[in-house]
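J.: In the working numbering, the protein residues as written are 1 to 342.
In case anyone wonders, no lab produced these hints; they're calculated from the structure.
Idealized CB from N, CA, C, for every residue including glycine.
Some hints could be false.
Distance ranges between label pairs, derived from CB positions [unchecked claim]:
id	residue 1	residue 2	range
1	48	281	54 to 60 Å
2	98	334	37 to 43 Å
3	117	70	42 to 48 Å
4	289	117	25 to 31 Å
5	85	289	32 to 38 Å
6	113	52	51 to 57 Å
7	70	140	44 to 50 Å
8	115	30	35 to 41 Å
9	267	123	24 to 30 Å
10	281	334	17 to 23 Å
11	327	258	34 to 40 Å
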Amino acid sequence: MGRTFGKNNLTDNDKRAIVVGRQNGLTMMTLAGMFGVTEAGISQFLKRQKAQDGSTNSQRTGRPRVTDRNDDRNILKTSRTNPRLTAPAIRREVFLNSPSPPSVSTVKRRLNAAGIMGRRLVKKPLISEKNRAARVKWAKEHLNWTRQDWNKILWSDESKFLLFGSDGIQWVRRPIGSRYHPKYQLPTVRHGGGSCMVWGAFSGSGNGPLHRVNGIMDKHVYKDILQNQMLPHLRAMGRGSVYQQDNDPKHTSLFVKDWFKSRRVNVMGWPSQSPDLNPIEHLWEELERRCANKRAKNCNEKFAQLLSEWNQIPMSTIDTLLNSMQRRCQAVIDARGFATKY
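Model the full assembly from the supplied sequences, consistent with the hints where possible.
T.: Right, dumping it as structure tokens:
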């Protein structure tokens with residue numbers, strides 16, 4: 001029978017060797033055979049070591065830890081109080097009176113270990129208190145709408161698409177030292193290479209018209225789009241259909257309001273600064289992805305690409321967007337009117 005761990009059975013060097021052996025992947029049986037101790041004895045010893053110092057390493061190797069638990073708590077608390085503080089700023093604030101403050105790298109490691117990583121700020125519209133209240137009110141009024149209710153809405157918006165490249169940030173995985181290799185570069189042209197502005201709409205029955213906007217989009221151009229593009233589609237949707245637009249000044253001008261009134265068009269009330277409540281924003285993203293690898297020589301070619309891809313967006317995408325409306329409303333309510341993830 002193997003020995004058990006007693007005060008005089010194994011030396012301190014033996015015990016350290018057992019800990020290191022276990023950390024290196026040796027089994028309990030192997031360690032028991034090496035030191036003439038039962039497997040149960042090995043297991044109990046390692047459990048005691050873990051309870052004593054939080055790990056199976058009774059003697060820590062390497063440099064001693066330069067921050068204690070109180071320091072770590074203060075680092076995390078300072079970051080959570082002001083998430084925009086950099087690691088050097090946190091170091092200055094927490095260790096202002098410390099004779100030997102830790103390095104910035106140490107502060108970063110403590111933050112990373114707690115899952116607080118540096119991230120890009122999400123850009124969202126600035127929403128005033130008045131608009132937040134309006135957003136919550138709108139969301140509560142439409143929270144219990146059914147899919148049939150949402151099918152009656154003709155969602156609309158304008159969007160700009162670059163002829164060359166993308167407005168978004170693009171990433172690439174590349175080996176060290178290959179930053180300037182053509183394979184890992186993003187080609188650009190002066191002044192962005194131009195863009196193509198479009199107006200589009202969709203409803204529960206599928207994609208509606210996609211219209212290229214020539215020149216400056218003012219209230220007169222917008223009225224022509226409403227008359228020749230929007231109105232025929234809205235009428236085809238049947239009685240009870242409602243037109244949705246945001247609160248852009250050209251959309252809400254008296255000139256356009258009079259046009260709506262004369263044509264007896266029902267326009268949905270809309271809270272300002274609410275792109276997250278308009279599912280067409282995600283439809284634009286889908287269209288952008290579909291055209292991402294297509295270059296265009298001019299606006300005509302770009303619009304032809306956009307129109308082709310617009311007509312190929314499947315009904316399943318429309319269904320997903322409209323089925324998300326209840327979740328969008330709930331997210332606005334939960335966020336107390338602030339911007340949401342949508």
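J.: Determine for every hint whether it applies to the structure shown.
T.: Each hint tested on the structure:
About 59 Å separates the C-beta atoms of residue 48 and residue 281, a value consistent with the hinted range of 54 to 60 Å. Between residue 98 and residue 334 the Cβ separation comes to about 41 Å, which falls inside the hinted range of 37 to 43 Å. Distance hint check: the CB atoms of residue 117 and residue 70 are about 23 Å apart, inconsistent with the given range 42 to 48 Å. A hinted range of 25 to 31 Å holds for the C-beta pair residue 289 and residue 117, which are about 26 Å apart.
Separation of residue 85 from residue 289 is about 35 Å and conforms to the stated range, judged on CB atoms against 32 to 38 Å. Against the hinted window of 51 to 57 Å, the Cβ-Cβ separation of residue 113 and residue 52 comes to about 22 Å, which falls outside the hint. In this structure the supplied range 44 to 50 Å holds for residue 70 paired with residue 140, their Cβ-Cβ distance being about 45 Å. Between residue 115 and residue 30, the C-beta spacing of about 36 Å keeps the proposed range 35 to 41 Å intact.
At about 28 Å, the CB distance of residue 267 to residue 123 agrees with the hint of 24 to 30 Å. The beta-carbon spacing between residue 281 and residue 334, approximately 19 Å, falls within the hinted interval of 17 to 23 Å. Restraint check, residue 327 to residue 258: a C-beta distance of roughly 36 Å satisfies the suggested window 34 to 40 Å.
Hints 3 and 6, counting from the list given before, are not met by this structure.
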